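Colleague: Next come the chains, spelled out residue by residue.
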Amino acid sequence: MAELRGAGDEPDDGDASVRRLAADAGDAAGEVRSRHEPSPRAEYADVLRQETAKPNAGQADMSPVDADQAGADQAETDQGPEASIADVLERFDPRRAGLPEVSREDAAAYIEEHMADRPWLALVRDCSPDAQRVFVALDQGGGHAHIRHDGWVTEEMNERRVKNLEDPAQLDLEKREAHLDGIKGGNQSHRCGVLATRITDPEAFATAVARAAEHPDVRAALDSTGPFSVPVRLPISDVLGEDGYKFCAGSQLEPVNGSMIEAVANRTAWVQGDRSVPEPRTRPVGTFEGGTLTFTFRPSAFDGHEFNTILVNPPDTQSI
Amino acid sequence: MNQAYWARNPQGPFATLIALTAAYCHPEAYDGAYADLTARARSAAPDDEQIRVFKEELGEALADPSRLPDDELFKAVEFDDGSDEAFLRRLWRDLYGDEPA
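Going line by line, the protein sequences match chains D and P.
Residue numbers for the first sequence follow the numbering used here, beginning at 18 and rising by one.
Residue numbers for the second sequence follow the numbering used here, beginning at 435 and rising by one.
No wet-lab data here; the hints were simulated from the structure.
Small disclaimer: the values here were computed from a predicted structure and weren't measured.
Beta carbons are placed, not taken as given, at the ideal position from N, Cα and C, and that holds for glycine.
One or more hints might be untrue.
To be verified - Simulated DEER-style distance windows between Cβ atoms: (1) Arg142(D) to Pro480(P): 50 to 60 Å; (2) Ser477(P) to Glu259(D): 25 to 35 Å; (3) Asp240(D) to Glu490(P): 26 to 36 Å; (4) Ala318(D) to Ser477(P): 19 to 29 Å; (5) Arg121(D) to Pro447(P): 46 to 56 Å; (6) Ala473(P) to Asp320(D): 19 to 29 Å; (7) Gly493(P) to Thr304(D): 36 to 46 Å; (8) Arg121(D) to Gly493(P): 24 to 34 Å.
Claimed, not checked - Not everything, but these chain D residues come out facing chain P in the computed CB check (under 10 Å): (9) Cys209; (10) Gly210; (11) Met277; (12) Phe314; (13) Ala318.
Let's have the full structure, built from the sequences with the hints guiding it.
Modeller: Encoded structure:
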């Protein structure tokens with residue numbers, strides 16, 4: 018656990034050779050979080066139950082787009098809005114999201130096998146089998162949404178990312194502090210927009226993926242066999258329900274001289290050692306109520322596209 | 435709904451330029467996205483209408499960056515070049531080298 022406390026979340030005075038996330042990272046993540054912020058874990062299920070008790074709550078404009086979905090949508094009609102939310106994880110089809118097929122049993126085994134080296138998986142160890150399946154499908158794909166934008170990332174990690182370009186996905190702490198990207202190969206410098214945000218609850222995160230995968234605009238992007246798919250932005254309330262914004266958190270860069278363009282340029286200069294520019298300043302996002310989720314895409318190893326990432330946007334600052 | 439520029443204005447000025455740069459140049463774009471755009475631009479198929487429009491709009495934006503819709507390019511790309519013009523110049527140079535815009 019001491020290793021994770023040195024993972025950019027706590028001051029580290031340990032041996033650099035062991036300053037790398039390892040085995041019980043999941044437990045450590047929970048310990049770190051408990052000292053910094055309340056965990057919303059397990060609350061999302063309660064919110065869903067409350068949401069589904071309301072007529073039409075959480076009903077996004079997600080009409081079926083092909084015959085495969087018709088049966089599921091008929092079932093949704095038969096069982097009411099509660100089923101539409103409760104079943105969305107169950108009917109998630111990884112292959113329709115450009116991801117490898119994963120069974121619930123295989124997902125559980127994959128998490129046990131890999132969570133030591135991939136700490137974002139430890140977060141879903143106690144989640145429902147359906148949520149686990151979503152995470153494992155994503156982890157076997159090429160995107161990074163579940164690595165940078167879900168609950169294993171702490172607010173301190175988000176703040177350090179948007180201020181210092183320290184990538185939570187970079188598990189080598191020396192490389193993280195050197196601003197090297199943890200996803201892109203070849204020791205590329207990490208880049209970040211004006212926000213570093215996440216969905217704090219893994220069940221909510223999995224729900225966002227599964228629900229978005231049924232939205233017509235997202236389906237068009239996933240199904241596209243063209244060279245690229247443009248990002249799709251959806252209201253948080255459509256994807257996660259009316260209270261879904263409560264499960265979003267993050268930090269944002271402060272403008273410089275009223276300009277975010279100047280702030281981003283200054284931040285790059287600052288982390289490269291230029292002290293003629295002001296030190297970057299950040300603040301926690303006040304609220305995500307009325308905000309959006311941006312879904313971006315990448316070519317899939319199978320047909321079409323898969324999710325590349327999911328960005329959580331407050332109402333007054335949209336990313337992409 | 436608070437949609438992106440290209441969704442609000444699919445036929446609007448510079449919609450193709452802004453949509454493609456969002457997909458290929460944003461910090462959260464996938465690894466290799468910028469290289470994919472570069473390859474696509476340098477070896478554009480004759481029938482790649484999208485990349486033809488993209489190049490045309492890029493040239494027009496470089497000629498007069500003030501014609502770009504307010505802040506939309508930065509919102510789409512979140513570049514760290516310091517200005518629309520600096521980003522566009524870098525993009526043109528990377529994609530088309532010394533070819534006149």
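Colleague: Against each hint, give a clear statement of whether it holds in the structure.
Modeller: Each hint tested on the structure:
Between arginine 142(D) and proline 480(P) the beta carbon distance is about 53 Å. The supplied range of 50 to 60 Å therefore holds. Restraint check, serine 477(P) to glutamate 259(D): a C-beta distance of roughly 48 Å breaks the suggested window 25 to 35 Å. Checked against the hint of 26 to 36 Å, the C-beta distance between aspartate 240(D) and glutamate 490(P) comes to roughly 28 Å, which is consistent with it. At about 23 Å, the beta-carbon gap between alanine 318(D) and serine 477(P) stays in the expected band of 19 to 29 Å.
Judged by the Cβ atoms, the range 46 to 56 Å given for arginine 121(D) and proline 447(P) holds: they are separated by roughly 49 Å. Against the hinted window of 19 to 29 Å, the Cβ-Cβ separation of alanine 473(P) and aspartate 320(D) comes to about 21 Å, which satisfies the hint. The beta-carbon spacing between glycine 493(P) and threonine 304(D), approximately 41 Å, falls within the hinted interval of 36 to 46 Å. Between arginine 121(D) and glycine 493(P) the C-beta distance comes to about 52 Å, which lies outside the given range of 24 to 34 Å.
Proximity of cysteine 209(D) to chain P holds as hinted, the smallest CB-CB distance being about 5 Å (cut-off 10 Å). At a threshold of 10 Å, the smallest CB-CB gap from glycine 210(D) to chain P is about 4 Å, leaving the interface hint in force. Annotation: interface hint on methionine 277(D) holds; nearest CB of chain P at approximately 7 Å, less than 10 Å. Hint on phenylalanine 314(D) holds. Least Cβ distance to chain P is approximately 8 Å, under the 10 Å limit.
Because the closest C-beta pair between alanine 318(D) and chain P is about 12 Å apart, greater than 10 Å, the hint is violated.
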